[in-house]
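J.: In case you want the letters, here they are:
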Amino acid sequence: MSPPAAPPPRFIVRHGPAWPVRLEHLGAPPAGVWLLGAGAPAVPSVAVVGSRRATIAGLDIARQLGAGLAGAGIQVVSGLARGIDAAAHRGCLDAGGSTVAVLGCGIDVCYPPEHAGLRAEIAQAGCVLTEEPPGMEPFKGNFPKRNRLIAALAHAVVVVEGTARSGGLSTARWAVDLGREVLAVPGSIRSPQSEGTNLLIRDGARPFLGLSDLFDAVPELGSPPAAVPADASAAGLSRPLAEILSAMGPQPVHPDDLAAGLGLTAPAMATRLTALELAGAILSLPGGLVARTFGRNE
Amino acid sequence: MKPAIRNAGYAFPQQRVTVNLAPAEVPKEGTGFDLAIAMAVLRVADASLRLDGMAFLGELALDATLRPVAGVLPMARCLAAAGIRTLVVPEENAAEAALVDGLSVLPAPCLQRCVEHLRGDARLVPAAPSRAPGEPDAPGCDFASIRGQARAKRALEIAAAGGHNILLTGPPGAGKTMLARAFPSLLPDLIGDQGLEVAAIYSLRGALRERPPISLRPPFRAPHHSISRAGLVGGGSGFALPGEISLAHRGVLFLDELCEFPRSHIEALRQPLEERAVTVVRSRAAVSYPADFVLVAAANPCPCGHLGDERGCSCEPRSLAAYRSRLSGPIKDRIDLVVSVPRQRYTEIFDERAEEASTAVRGRVEASRAVQARRGGALNAALLGRPTVAAAQLTVPARRLLARSGERLQLSARAFFRVLRVARTIADLGELDRVGEDELAEALQYRIELER
Numbered sequence: 161m162s163p164p165a166a167p168p169p170r171f172i173v174r175h176g177p178a179w180p181v182r183l184e185h186l187g188a189p190p191a192g193v194w195l196l197g198a199g200a201p202a203v204p205s206v207a208v209v210g211s212r213r214a215t216i217a218g219l220d221i222a223r224q225l226g227a228g229l230a231g232a233g234i235q236v237v238s239g240l241a242r243g244i245d246a247a248a249h250r251g252c253l254d255a256g257g258s259t260v261a262v263l264g265c266g267i268d269v270c271y272p273p274e275h276a277g278l279r280a281e282i283a284q285a286g287c288v289l290t291e292e293p294p295g296m297e298p299f300k301g302n303f304p305k306r307n308r309l310i311a312a313l314a315h316a317v318v319v320v321e322g323t324a325r326s327g328g329l330s331t332a333r334w335a336v337d338l339g340r341e342v343l344a345v346p347g348s349i350r351s352p353q354s355e356g357t358n359l360l361i362r363d364g365a366r367p368f369l370g371l372s373d374l375f376d377a378v379p380e381l382g383s384p385p386a387a388v389p390a391d392a393s394a395a396g397l398s399r400p401l402a403e404i405l406s407a408m409g410p411q412p413v414h415p416d417d418l419a420a421g422l423g424l425t426a427p428a429m430a431t432r433l434t435a436l437e438l439a440g441a442i443l444s445l446p447g448g449l450v451a452r453t454f455g456r457n458e
Numbered sequence: 120m121k122p123a124i125r126n127a128g129y130a131f132p133q134q135r136v137t138v139n140l141a142p143a144e145v146p147k148e149g150t151g152f153d154l155a156i157a158m159a160v161l162r163v164a165d166a167s168l169r170l171d172g173m174a175f176l177g178e179l180a181l182d183a184t185l186r187p188v189a190g191v192l193p194m195a196r197c198l199a200a201a202g203i204r205t206l207v208v209p210e211e212n213a214a215e216a217a218l219v220d221g222l223s224v225l226p227a228p229c230l231q232r233c234v235e236h237l238r239g240d241a242r243l244v245p246a247a248p249s250r251a252p253g254e255p256d257a258p259g260c261d262f263a264s265i266r267g268q269a270r271a272k273r274a275l276e277i278a279a280a281g282g283h284n285i286l287l288t289g290p291p292g293a294g295k296t297m298l299a300r301a302f303p304s305l306l307p308d309l310i311g312d313q314g315l316e317v318a319a320i321y322s323l324r325g326a327l328r329e330r331p332p333i334s335l336r337p338p339f340r341a342p343h344h345s346i347s348r349a350g351l352v353g354g355g356s357g358f359a360l361p362g363e364i365s366l367a368h369r370g371v372l373f374l375d376e377l378c379e380f381p382r383s384h385i386e387a388l389r390q391p392l393e394e395r396a397v398t399v400v401r402s403r404a405a406v407s408y409p410a411d412f413v414l415v416a417a418a419n420p421c422p423c424g425h426l427g428d429e430r431g432c433s434c435e436p437r438s439l440a441a442y443r444s445r446l447s448g449p450i451k452d453r454i455d456l457v458v459s460v461p462r463q464r465y466t467e468i469f470d471e472r473a474e475e476a477s478t479a480v481r482g483r484v485e486a487s488r489a490v491q492a493r494r495g496g497a498l499n500a501a502l503l504g505r506p507t508v509a510a511a512q513l514t515v516p517a518r519r520l521l522a523r524s525g526e527r528l529q530l531s532a533r534a535f536f537r538v539l540r541v542a543r544t545i546a547d548l549g550e551l552d553r554v555g556e557d558e559l560a561e562a563l564q565y566r567i568e569l570e571r
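Residue numbers (my numbering), protein chains in the order written: chain Z, 161 to 458; chain X, 120 to 571.
Same shape as in the complex, but just chain Z (with noise of 0.2 Å):
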């Protein structure tokens, strides 16, 4: 069954009606934008954004913080990019939530093609906008123009992760120019896609370990939903297989590296892995590394 035809692009000009009074807070703000979708920027609403490359486990926080904030009511902001961008509006879709995807190219050039059903999800529960003319080609220069106008509608900006020189960063300065609350997610000193996250914690912005801390640091988003547990992969499983995930920290590692730790031999670390993939616990990467997942199949 083919979803209902969304209504043409609207271009809605500055000051008119429906026009996002969060973007007068820009410097210079554009003479109108073009919107498409059957909901419109919201309030309150927090950007999540980051790098194309992340890590798996950036995906999935980027993910998780995007179902949170639905969970709580709270729009998404991001760019509809490959990586942290995708995860979150992602997650917040999944969990029934409104997102606003702000693009660099024109509202009728689906940049990048592979995003295509996710824009047309997006346009279903909230909206997709860009300041671009229609036919306007996703080119380098138009992205940190609109990382502007990520940064004025939300609330807050979260940057996942990044490398020194990512668009997250240029989103985040943005942030701090507009008064927004910049928050990052650490990550390990060895890792290069938290370089650039780091680099921020280091030079004020607030370190992001769980949805609490966007909560206190960011009153206009009201109260924080009900605590849920960060982990719930080890919930129920066998003594043996508990142990195997706790061996294993968030980054991915071959199965000889955990079976040499563990002292199991290859047919035994193999036995126990495929229980842990069929629980849900952990994943299989390519190149043959396995992750823990956070979470769980019911």
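Derived from the structure by calculation, the hints contain no laboratory data.
Using N, Cα and C, we set each Cβ at its ideal position, and we do this for glycine too.
Nothing false has been slipped in among the hints.
Away from chain X, derived, C-beta distances all over 10 Å, residues of chain Z: (1) V181; (2) V203; (3) G233; (4) P346; (5) D376; (6) A377; (7) P384.
Quick partial rundown of chain Z residues pointing at chain X, CB under 10 Å, derived from the structure: (8) R242; (9) E274; (10) H414; (11) A420; (12) A426; (13) P427; (14) A430; (15) L433; (16) T434; (17) A435; (18) G440; (19) P446.
Mind docking chain X on chain Z? Use the hints.
T.: Same frame as chain Z, now just chain X:
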């Protein structure tokens, strides 16, 4: 031939001589008939030469010395089957011809010695068939010399036991090639007529210099990815020669850097992987060569080679997808085991812990093969469809696990049967009658997933 006969000091007959090579419609190629023709011509000149019941193979040089010829072993087998009891061959071909039972093989260095033998002046000495003791494998190709890699070694043990095709993935330099080259040391000796079969194929290719005819070790072939299609599967202009896949018959075909092989070459492997033989069609006849080998393939996980590595993958999503699609098709369907070979850790390289030697693993492989022979004769890798389920004899917990994994992991029907085949071999290695939960769980770890 005339100059050779003259140089040997014999007179060429004065009459017109007609040489008839019958039957006429079979194409003949090569120089191996020189000696026989020369002997026949000499017989015309000298009726006292008794050639009955004898056969002659060999190329004649201008100075009448005998040069070796390819394909002597298969020809000798045919001659023996046709009732010939004595065969004269060039000295270099004597060892292979001597493998044929019931044939007296006379090595001769030149035309003159053949004539002298027939005249009774100086008899040729028959070649003695020799059975050499099992020769040691090449040094450095033992499991004991490879540090760590427990999972990959286990997967190779399973592949050796059941004859399963296996793919090793991993970053460059991780040791995939070393593991592949150690794999043959896990395989048992050839049995029965298999040694002769393999020697015959090598003889046809003129490749017996690479492999002594009496060898009972399974062959190991590792063609480079720049090889021609005909070189790989057989063919070539003129007489269709066996290709690498036939030289790997009863042994191992190792395709290193699988994704560098042209698509057409991989396509050409489809029939041999399916039917364990290859048919090369020529305008006048079709030639079939056996090609029953275990495929060991090695590939990088992605174009830059570092997917899953600490360094991280720097490939564009599009080129990653294109690379993945190269692994698909005829090869992917025939590979039962996939295992990743990680880069060696510093600590592993210098670890003092002793590694298991290949002979220990080979013992287990041989025991499991005996079980497979008792069960049905063929190796587990040859199980297809319903017989796989019957052979597996799943326990109740194993059935439950299979159902759960079907739901969670979205296995295709083919993938199911692959997992069962592998689980059956794991059970055989563990000396178990029935495939249980543990065996199935382990087998699931080696499956190929489309996304991987």
